[in-house]
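K.L.:
Single-letter residue listing:
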Amino acid sequence: MQKKYVVLAALGLAVSSAHVLLGSPAKPAGSAVITGKVSYSGTPPKMKPIDMSKEPVCAKEHNPPDKTQNVVTGDTDALQWVVVYISAGDQGGAAPSAPVRFDQKGCMYLPHVLAMEVDQPLEIYSNDPVAHNIHPMPKINNEWNKSQPPGSPPIQTKWDKPEFIPVKCNIHPWMHGYFAVLRTSHYDITGEDGKFSLKGLPPGKYTVTAWQEQYGSQSQEVTITAGETKTVNFVFKVLPYSF
Amino acid sequence: MSGKFFGLLVGMITVVSSAFFVLHTWWLPPDISRLGHGVDHQLNETMIGTGLLFIAGQLVLAVFVWIYGSKNETRKIKFFPGGGAVMVTFAIVIVGIEILVLTFVGSKVWASIYIDPPPANAMQIDVSAEQFAFYFRYPGPDGKFGATHPELANDGNGNFFGLDPMNDVAARDDIVVATLTVPVNRPIVLTMHSKDMIHSFYVPALRLQQDIVPGLTIPVHFTATKEGRYEIVCTQLCGLGHYNMRAFLDVVSQTDFDQWLKSQSGD
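First to last, the sequence lines map onto chains A and B.
Residue numbers for the first sequence, in our numbering: 573 to 815.
Residue numbers for the second sequence, in our numbering: 3 to 269.
Honestly, the hints are just simulated from the structure, not real lab data.
Small disclaimer: the values here were computed from a predicted structure and weren't measured.
Heads up, the beta-carbon is just placed ideally off N, CA and C, and yes, glycines get one too.
The reader is advised that the hints may include incorrect statements.
Unchecked claim - Every beta carbon over 12 angstroms from chain A, so not counted as near; a handful from chain B, in silico:
no.: 1; residue: Gly51
no.: 2; residue: Asn74
no.: 3; residue: Lys78
no.: 4; residue: Gly86
no.: 5; residue: Glu100
no.: 6; residue: Phe138
no.: 7; residue: Asn161
no.: 8; residue: Pro167
no.: 9; residue: Met168
no.: 10; residue: Gly241
no.: 11; residue: Leu242
no.: 12; residue: Met247
no.: 13; residue: Arg248
Stated by the list, open to error - Residues from chain B that face chain A, not an exhaustive set, calculated with beta carbons under 10 angstroms:
no.: 14; residue: Phe81
no.: 15; residue: Phe82
no.: 16; residue: Pro83
no.: 17; residue: Ser255
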């Protein structure tokens, strides 16, 4: 009888040692950070004021009028609405179940660029007393458009392939935005200060990509160790005219 | 129900429905264009000509229904000599004459608006119609319109006309706006294009309406005679947002216009 217990104890020790040696099946939590700033060099184009007079109920919400948003600059030489994300080196994982929200308010899309993960739920709200017809125009994902008369419930949808998808309204030609569908959970969108921060990264070698809707993508390779904070900056050469 | 009841009903419907037209209950806004009175005159003549015939015909019908409309009518039916064929011929002749007269009289008005060329000092404004808005382009200080490139059109950037300011110097100062601003008493020529569907440019206050056909450049001219803000509406069903497709015409003094133009160029 004693022999049996010894064998069982030995087995138990072996299994737990193996468990400790091989590491837990869950993704290792990271503590490294890649941070930086996106700025521009050159003369940026002047953004144009948007005339919403055909929709007076929206026009009166914007006095002075809002401007187009294809190249939005911020403090000093900062570039806004740039999506910065890990395009290679990331382990990837299941899509988050928490939805992201896109709003139509005052006949503008808020935010101008919305980032989300592949298969993450997307909720599109219309808050205006006028009808909208949102029309995302993907090249890889499935294209669709849907009307939302006043008082409509939010559209519940998701995208199953990574892509930068331009979005327009079929009724109001000036409404324009982007869905940035990404394969990584490590992304950020620059604000007025042009700064971004990608947190919670495990140590490793990564490719960081910055995407701006008019000037395209730029990438840099970064190797980081556990708990390190590394700075990566991007500079986009801008031209004085929109295209 | 007796014939008298229906006779009276027909008579009353005729009088009430005609009254709305006679009294101009729902009518066009006041005319503010140099040639608008010709259109109004034509419209009134048409209304009177067709209206009188309509009222006469309906009242004759009402009388006959009153006299002969009861269920217990026993009198034999009488026919006009020659029967139905004579009546039909008579109707075709009357209506035919009316249409021909209105056409000949109206053709002068039509020609003055759509065929006569605009005056030499007319100011040219380029118009682009798309689903579901109108956009207007002024040549800017250099007086030249930049070339348009359909493949460069980008509504999100505000480049509704597909201009290429990077490579086309003439396009750099073009002024693109969503409201048509014009000086009062100045002849204007609109060159109209459509980006997608057939739209129609209609300014009720100017009595001016023109279909815009994709692939064609269609010129239209007018002179606005009164300052104010007037509605431009699309009058050709063009899709789900047709109800929402409109813009505004701002007629301002020459001084205000020059100032407005200067402020746009500075942008």
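K.L.:
What are the numbers of the hints that this structure violates, sorted from low to high?
P.N.:
6, 7, 8, 9, 10, 11, 12, 13, 14, 15, 16 and 17
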